[in-house]
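Colleague: Quick mapping for you: the protein sequence lines, in order, are chains A and B.
Heads up: the first sequence begins at 1 in the numbering used here, then just goes up one per residue.
Heads up: the second sequence begins at 1 in the numbering used here, then just goes up one per residue.
Don't read these hints as lab results, they were simulated from the structure.
For each residue, glycine too, the CB sits at the ideal point set by N, CA and C.
Hints should not be assumed to be uniformly reliable.
With a cut-off of at most 30 Å between alpha-carbon atoms, the simulated DSS-like pairs for lysine-lysine come out as follows [said to hold, decoys possible]:
id	chain 1	residue 1	chain 2	residue 2
1	A	22	A	268
2	A	107	A	178
3	A	158	A	107
4	A	24	B	137
5	B	192	A	268
6	A	24	A	107
7	B	137	A	22
Chain B side only, calculated, beta carbon under 10 Å to chain A, not exhaustive [to be verified]:
id	residue
8	53
9	56
10	77
11	81
12	97
13	102
14	112
15	113
16	160
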Amino acid sequence: MSFIRRQRYLVDYILSSMLRRKGKNFGLMLVYSLIVFMLASVMLFTHALKQEMGLLLQASPEIILQRMVAGRHDFIPETYLEKMGRIRGVTERKGRLWGYLYDPSVKANYTLMVAEDQALDATEVIIGSAIARARGIVPGDYITFRSFDGESYSFQIKSLLDHETEIVSADLVLLNRKAYRALFGVGEGVYTDIVLSVSNAREVPKIAEKLVQRLPDTRPILKQEVLRTYDAIFSWRQGILFVLLAGAIMAFVIFAWDKASGLSAEEKREIGILKSIGWETSDVLHMKFWEGAVVSLLSFFIGYLFAYLHVFYASASLFEPVLKGWAVLYPQFQLIPSVDGLQVATLFFFTVFPYVVATIIPIWQVAITDPDAVMR
Amino acid sequence: MNRISLDNVTKVFNQGRPNEYAAIRGVSLTIEPNKVTCLKGPSGSGKSTLLSMIGCLSRPSSGRIHLGDQMISGLPERFLTDIRRHTFGFIFQQFNLIAGLSVIENVILPAYPLAPDHQSLMMRAHELLARFELDHKADSQVQWLSGGEAQRAAICRALINNPQILIADEPTANLDTKLSHAFMGQMSQLRKLGKTVLITSHDPVVFDSPVVDSVVELLDGSVFLGEEHAA
Ligand SMILES: Nc1ncnc2c1ncn2[C@@H]1O[C@H](COP(=O)(O)OP(=O)(O)OP(=O)(O)O)[C@@H](O)[C@H]1O
Ligand SMILES: [Mg+2]
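Isolated chain A (complex conformation) (with noise of 0.2 Å):
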């Protein structure tokens, strides 16, 4: 009880200590708060990556199968789910008519996609939400496109995806089938690609295998490669931002040292008086303590609270230069905001604890002096 008595009034203390020296801790904090909020954005950033990667993976089909002619991909006959043949593994096959269209309205690239399981009319769309936020549109309006021929053609909106796989679905265009190849002059007999579903993933390379030999002029897209090359991209973008941030954090640990251990003589003065008017070493040290927890602490709390919000409500806008290459993978991407603890917890002993040894001890070697230095 007089223990936490103690503390209470030590706390007490350095904030009025704290705030007799703002221009010092206001600094000091700055400095600290951004650090913090580097490393913080960096380690939200690719941690909310990689669960995107997975949830979007998660979505997609085992293998892509798409027909190569010179080097590029092009429709693939409908017949080719009859050419491939029965393959041991493979619990569904089916083709998909997908493709982009660009609206000039807002500068955006849709992807529209034949729904069949979505029983749409020719003249209705479902449409992500990221769609009928730019373009202000709700169910019931009518979203208008162009054709490749110069047709304008309008859809009445039936409903809005889920807005949970948001960032799968925040640019699609669900459509009918008459729909799309009105819109994009593609005839009949053809998809854009097709796509397996495997129960056993490790069946996956023999099935792919198969597949190039039955069908020569086809490649086959596997999940796991994709995976692999997300992975490579991103350790390797990590790894640049990371090299970068050493070069901050040896800076911040200089700093640190240098502004929590260089006692001016008004602070030694003071440190003597308080001895001299009967507080313990002991005493002293937990004061100093609980100074550097309080400026670490709002430090650390405040840099991670702007980095969480400019990684997921600024779409991590300074790291743009960086990270660019990411928009390739995906055209228009939303993080969900998403926290992991044990980052939380190795950011928070890498920064906050060195910081509170810091500004302990020098205290020491002052504290321990003779509490007499003031008589003189």
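Fit chain B with the ligands to the known structure of chain A by using the hints.
Modeller: Frame of chain A, contents of chain B with the ligands only:
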């Protein structure tokens, strides 16, 4: 009531080094409780050094200091601090108030490590300030106080833990004659309350004051037994 007795106390600074200096050389004396005692002597005679040893701010190089029955020389720092904060109140020449804090915050500072109940602490502090006519300045920053006010704030701070013994090192050095007399008045008040007061000074206002019960004169680190006090 605790009598303070010193037995052949010495203090040597920088012992064993070329700049070794014996500031106190074999001082034996007794300070009676509930009296005002003044240590006088020229500059450099060792008044502050002796005072800091009596007040448990430092330890003698040799000799013994007793506080009542307890020998306090030779105790480890932790115990010294404990005795110091319960038994002694200090008033320093430079006042040593902490700038940027208010008067009341300065006054209650010695109580922090003892962690008393906040409400009763504040009450005690305000009582003290009222007694020394400083209550109206309770929330002013100490750096704006006049010399006399700062002095009184320092006295209040010295008294906050209700110590038995008050130690003042050159308390009037920064005060004019009128304020010095006022200070001695305050000391006599404290003696009436049963406190023991120990002052160092080379100011006649202090050592010639009727408030002072006994004067000890120091010269070059030893007690000087001049004629005037032999009488
Ligand atoms: N820490 C120290 N190291 C070395 N010498 C010291 C130390 N403290 C005091 N002295 C020396 O001891 C002597 C006595 O000092 P002290 O401060 O006790 O004198 P004083 O009587 O209080 O003088 P004044 O009236 O000027 O305050 C001085 O010569 C001083 O230089
Ligand atoms: Mg002195």
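Colleague: Could you tell me which of the hints above the structure violates, numbers in ascending order?
Modeller: Failing hints, ascending: 5, 6.
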